[in-house]
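Quick mapping for you: the protein sequence lines, in order, are chains A and B.
Be aware that the first sequence starts at 559, since it is given in this note's numbering, and climbs by one per residue.
Be aware that the second sequence starts at 46, since it is given in this note's numbering, and climbs by one per residue.
These are computed hints drawn from the structure, not numbers from a lab.
These figures come from a predicted structure and were not determined experimentally.
There are no misleading hints in this set.
Some chain B residues judged to face chain A by a derived CB distance under 10 Å, without partners named:
id, residue
1, F70
2, M74
3, D120
4, L126
5, G128
6, A131
7, V136
8, R179
9, G180
The beta carbon of each residue, even a glycine, is placed where N, CA and C say it ideally should be.
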Amino acid sequence: MRLVFFIVLSLLLLFIDSRFKYLESTRTAISILVYPFQRLTTVPGKIWQEVGTYFETQNHLIEENIQLREQHSTDVAQLNLLQVLQAENTQLHNLVDVAQRVNYPMQMAEIAYVERDIFKRKLFVSKGAKANVQTGQVVMDDIGIVGQVTRVYPWLSEVTLITDKDHAVPVQILRNGIRAVVFGSGDINELALRYMPISSDIQPGDVLITSGIDGTYPAGLPVAKVIKIERDPAYPFARIICMPIAGVDRNKYLLIVAGTPELPPRPETKAAVADEKPKLTLKRKVQ
Amino acid sequence: MSSDFPKDHEFLLPANPGFIVLSFFAAIMLNWLPWHGWGLILRPDFVALVLLYWCTHKPYRVGIGIAWMVGILTDVADASLFGQHALAYAVLAFGGTVLHRRIQMFDLKQQTIQIFPLLLISYATYAAVHWQVRGIIVWEFFLGCIVSAAMWIPMTLLLQTLRRPRSDPYEL
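Input sequences plus hints: build the corresponding full structure.
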């Protein structure tokens, strides 16, 4: 019967898609067909926005201009300070002989549309393989990490947000350097810091930055802020809820960080591991 | 709509393939609009509705095969697993074609009650696949099913109106 045939076909595809990666090229091929129509659907929203900007009053613009100028002057002052600090930091890094932190090239991409499946936290940005976007690249806004590129089409790429249920980011607490892993919760405003002992030194308000250990996320980018801690002695781990720092669902433009950090070469033998270990921890702490 | 005579007795233009394709296209476009937040949760599944309309009114034209292909397209656009929408839509189309005589016996209000379980099964199929693969169920997802069922009347009226013959005699 036809229903049985199509159900079996669907289940087969589902199985292949969830277990293996064979169907990615098919997906890309269909996505090319679908792409123009997908862009077409965002047109009404764009027109609405354009009309909105057109009718923006001059007063508002002047006000904004003044604000931006003030912001700019304070930023310039801070930037100067930052350059001094950077130079100092480089010297210190040289002193302790660790790898320099690299400045990654970034490119800006517009959010094409947000995922239409309420189960998942994903969005699409309007740059893809044609603009050299690669899977695994990190996506951030101006204040923190938003997510990671998980699938690349020719003109689009799919970004999985850090709040996605399946997503984890290795982090470090800015205040004291404790390392942890922060997991998405599926809720757009929540992240969970799991497997932290009850006694660990974490306070509400602590800022989590990427530790860079996974080799995907560059170190030192702000990720989340701890908002609530429940320490129940009945459980071995504390229940820690964090809030993403970046406006995960508020931006129009995002930055794609090109290039992934280079990891130190993998140790080969057990003896080598023993030798390497102290050096590695030192590296991470300084970063 | 009066319930005195079934809808099928009304004189309608034969559904030409172009119109069917166009209606699917419009439904897909509606689904792809940048919905977010509550709008996304409450968004009716226009594709499922149009599919159900054609499956119940023209079961020999639109069936499981077309439903499946539309589902695959949706899967790509939504970045869901391959076959997830396809499976849900195939099940929906099956229900629609099997029950098409029964559904056409009722007036529109009663039809809504008749198609709701079909939509619910289709939504549940989607959610079940998701639950199997990823281990979570979002219960708000089923709100969309209720809204979809509520959209059945306007959607059917719209499609019926478009299929009615124009007063221009040369058009027939």
